[in-house]
Amino acid sequence: MAGFTPTELWTFGFVALTFGAYLYIGYRNRVADTRGFYVAGQGVPPVFNGMATAADWMSAASFISMAGLISFMGYDGAVYLMGWTGGYVLLALLLAPYLRKFGKYTVPDFVGDRYYSQTARLVAAFCAIFVSLTYVAGQMRGVGVVFSRFLGVSITWGVVIGMAVVAFFAVLGGMKGITWTQVAQYSILIVAFLIPSVAISAKLTGNPIPQLSFTFSDITAKLNQIQIDLGFTEYTQPFQSKSQLDIFCITLALMVGTAGLPHVIVRFYTVPNVRAARYSAGWALLFIAMLYTTAPALAAFARYNLIDTLHDTPIEEARALEWVSSWEDTGLLGLVDKNGDGRLQLTPDADTNEIHVDRDIIVLSTPEVADLAPWVIALVAAGGLAAALSTAAGLMLVISSSFAHDIYAKLIDPGASEEKRLVVGRVMIFAAVLVAGYFGIDPPGFVAEVVAFAFGLAAASFFPVILLGIFDKRMNRAGAIVGMVLGIGFTGFYIIGNRFFGMPPFFFGISAQGIGAVGMVVNLVSSLVVSRLTEPPPPEIQEMVESVRIPRGAGAASNH
Amino acid sequence: MDSSTESRRTAYWKKNQRLIGILLAVWASVSFGLAILWPMTFAVGQLPAGFWWAQQGSMFVFVLLIFIYAWRMDAIDREFNVHEDEG
Numbered sequence: 000m001a002g003f004t005p006t007e008l009w010t011f012g013f014v015a016l017t018f019g020a021y022l023y024i025g026y027r028n029r030v031a032d033t034r035g036f037y038v039a040g041q042g043v044p045p046v047f048n049g050m051a052t053a054a055d056w057m058s059a060a061s062f063i064s065m066a067g068l069i070s071f072m073g074y075d076g077a078v079y080l081m082g083w084t085g086g087y088v089l090l091a092l093l094l095a096p097y098l099r100k101f102g103k104y105t106v107p108d109f110v111g112d113r114y115y116s117q118t119a120r121l122v123a124a125f126c127a128i129f130v131s132l133t134y135v136a137g138q139m140r141g142v143g144v145v146f147s148r149f150l151g152v153s154i155t156w157g158v159v160i161g162m163a164v165v166a167f168f169a170v171l172g173g174m175k176g177i178t179w180t181q182v183a184q185y186s187i188l189i190v191a192f193l194i195p196s197v198a199i200s201a202k203l204t205g206n207p208i209p210q211l212s213f214t215f216s217d218i219t220a221k222l223n224q225i226q227i228d229l230g231f232t233e234y235t236q237p238f239q240s241k242s243q244l245d246i247f248c249i250t251l252a253l254m255v256g257t258a259g260l261p262h263v264i265v266r267f268y269t270v271p272n273v274r275a276a277r278y279s280a281g282w283a284l285l286f287i288a289m290l291y292t293t294a295p296a297l298a299a300f301a302r303y304n305l306i307d308t309l310h311d312t313p314i315e316e317a318r319a320l321e322w323v324s325s326w327e328d329t330g331l332l333g334l335v336d337k338n339g340d341g342r343l344q345l346t347p348d349a350d351t352n353e354i355h356v357d358r359d360i361i362v363l364s365t366p367e368v369a370d371l372a373p374w375v376i377a378l379v380a381a382g383g384l385a386a387a388l389s390t391a392a393g394l395m396l397v398i399s400s401s402f403a404h405d406i407y408a409k410l411i412d413p414g415a416s417e418e419k420r421l422v423v424g425r426v427m428i429f430a431a432v433l434v435a436g437y438f439g440i441d442p443p444g445f446v447a448e449v450v451a452f453a454f455g456l457a458a459a460s461f462f463p464v465i466l467l468g469i470f471d472k473r474m475n476r477a478g479a480i481v482g483m484v485l486g487i488g489f490t491g492f493y494i495i496g497n498r499f500f501g502m503p504p505f506f507f508g509i510s511a512q513g514i515g516a517v518g519m520v521v522n523l524v525s526s527l528v529v530s531r532l533t534e535p536p537p538p539e540i541q542e543m544v545e546s547v548r549i550p551r552g553a554g555a556a557s558n559h
Numbered sequence: 000m001d002s003s004t005e006s007r008r009t010a011y012w013k014k015n016q017r018l019i020g021i022l023l024a025v026w027a028s029v030s031f032g033l034a035i036l037w038p039m040t041f042a043v044g045q046l047p048a049g050f051w052w053a054q055q056g057s058m059f060v061f062v063l064l065i066f067i068y069a070w071r072m073d074a075i076d077r078e079f080n081v082h083e084d085e086g
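These protein sequence lines map, in sequence, to chains A and B.
Under numbering that gives the first Met the number 0, the first sequence is numbered contiguously, ending at residue 559.
Under numbering that gives the first Met the number 0, the second sequence is numbered contiguously, ending at residue 86.
Hint data in this document are derived by calculation from the structure and do not stem from the laboratory.
The model shown is predicted, which means the values in this text are computed figures rather than measured ones.
Backbone N, C-alpha and C define an ideal beta-carbon position, used for all residues, glycine too.
Among the hints, erroneous ones may be present.
[To be verified] Some, not all, of what chain A presents toward chain B, calculated at C-beta under 7 Å:
id, residue
1, 84
2, 88
3, 92
4, 214
5, 272
6, 278
7, 284
8, 550
[Claimed, not checked] Far from chain B by the CB rule (all over 12 Å, computed), these chain A residues:
id, residue
9, 103
10, 197
11, 347
[Said to hold, decoys possible] From chain A, some residues computed to sit far from chain B (all C-beta separations above 10 Å):
id, residue
12, 2
13, 3
14, 60
15, 308
16, 319
17, 353
18, 523
For reference, chain A alone in the conformation it holds in the complex (with noise of 0.2 Å):
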């Protein structure tokens, strides 16, 4: 096989391996009825959804770009640690349960019932494609990415490869398939995480456990006193990138947005009763925080190891190591010898800086910059891959679920028969994959922009009117409507004035990214307010948030 390296070899292997594990998985779970490819017929037992759940959550930019945007960002990169796993309290505590025990497919299943009003239905529905539209774009260009980066081939062909899988098992198996999937990707991409980090972790401070090496270890102190030396702030000082406010507002709104991400709510349905949904929220954080308890760790490792191994040596020394020239040639590391001394120096000016390092080579040249065989790398190269697939199949079931049996089945045609719903929903999940797939090779431009939108709508859209439908029975459809209508519009025009239009952040300075938290209260407030000052909902509607409050009856109800 002469023209591969070791390392092609290798991740060629993993790559087909766990690929032909996928499609066997999706083979083996073929679903026959539309009650197991929305919600896998209920059956998911709670350590498992648990995985499928993080699974899903953990997405391209979990795996690849969290690590680097820590490494960056010192100290405020903790808005993204709390804010994407706090959410799950909120999930656990306070929606989880009750939406299980309501006991139907979709989001906009509860929104439209809850509120008795198709419109609503409708709305919830469309944000649920919006959202999941957006986040799906990223993911397919994950693929792509790693496909080119570790194999040689292009772009386009990776994601072609990526979307032929994902539609093999997605399309046969719906929900039931993709669960079972995804929990054969939580334990690749977990392992293919965790044995880079540990390795880094005991070469650098000779304790394995990246947790406590990164908590006792004087690697952060050492790397606060270089950050002092070369002219950068310590690594652990708060609020150098963003204002204190700004650090609570983003926090708050990633949390929130969190726990309103349709797909991520939708995974705790699938499990068997209100008990399993509980116990299930806790499992599924448990196997996040195990990467996002470790990302840190890696962060300031990485950043120690990189400054110390480039900063100040002789450039030509530094392109003599494999990793620094291979990832020269991909862009990702540039490096310039502006002052012409033959040195390298990391500054925090861009003018004389002299080493430019993207964010995303800090997890992906891990194995290498530690010098860990061949077969390591191959396997990051099959984590990153599970983790963009697994994503992306759980956010095509839901734009396949809100087309096909919110929007279809419920409004267009509510008299089509079990079989019909059934292929309109491998439809819809066919045609989910073919839009990813175009993202992903040609992706639009603003898709960083409007992943804040993302998180924003669902924080001052979904999560305060699933909130108040179970917590607050007086609430009725005119409030929930204007919360709707006055939360996405206060966040939309924000975010889209800001982003698009060069509008300063007039709100306290609350940047685009934070501004769902602002527009969940205005959200809370408004529905609140009008809730009082029309008719109460109908008594069948009281009753049925009174029954979404008790446990039991939800496995008979799933017995139907």
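Position chain B against the provided structure of chain A, taking the given hints into account.
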């Protein structure tokens, strides 16, 4: 539904809400309190306390809070006889 069933439902719901309130107070204290509003600088291991809460401690507490909720609700569900059948 007779009035005693209704008052038991109300009592169950109150107890649930109280537990949620306590746990969310802890949730907010470790994240928004210790990590954002009042980051302290004394050392946890070798890290400043605020930084440790922001990048490690808060997440450990989040996981614990969910399991504590699930475990306490098991008892409360049984106390009010609204728990689900085994299986």
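Problem - Interface hint compliance - residue 272/A to chain B, C-beta minimum distance less than 7 Å - result: Hint on residue 272/A: holds, closest Cβ of chain B at ~5 Å, below 7 Å.
Problem - Assertion that residue 103/A lies outside the chain B interface [Cβ separation over 12 Å] - result: 18 Å, holds
Exercise for the section: Check the non-interface label on residue 347/A: least C-beta distance to chain B beyond 12 Å or not. Expected result: 20 Å, holds
Handout entry: chain B contact restraint on residue 84/A - CB to CB distance below 7 Å
Key = With a minimum Cβ separation of about 5 Å from chain B (threshold 7 Å), the hint on residue 84/A holds.
Problem - Interface-negative label, residue 308/A against chain B, beta-carbon threshold 10 Å - result: Non-interface label on residue 308/A holds, nearest chain B Cβ at 22 Å vs cutoff 10 Å.
Problem - Interface hint compliance - residue 278/A to chain B, C-beta minimum distance less than 7 Å - result: Check passed: Cβ of residue 278/A comes within 5 Å of chain B, closer than 7 Å.
Handout entry: Beyond 10 Å from each Cβ of chain B, as asserted for residue 3/A
Key = 40 Å, holds
Problem - Status of residue 2/A, Cβ more than 10 Å from any chain B Cβ - result: 43 Å, holds
Handout entry: Assertion that residue 197/A lies farther than 12 Å from chain B (Cβ)
Key = 16 Å, holds
Practice task
Verify that the Cβ of residue 319/A lies farther than 10 Å from every Cβ atom of chain B, and report whether the claim holds or is violated.
Solution key: 34 Å, holds
Problem - Hint check: 7 Å Cβ-Cβ cutoff, residue 284/A to chain B - result: Where the cut-off is 7 Å and the nearest Cβ of chain B is about 5 Å from residue 284/A, the hint holds.
Exercise for the section: Could you check if residue 550/A really has its C-beta closer than 7 Å to a C-beta on chain B? Expected result: With Cβ-Cβ at 5 Å, under 7 Å, it holds.
In terms of the numbered hints stated before, the structure departs from none.
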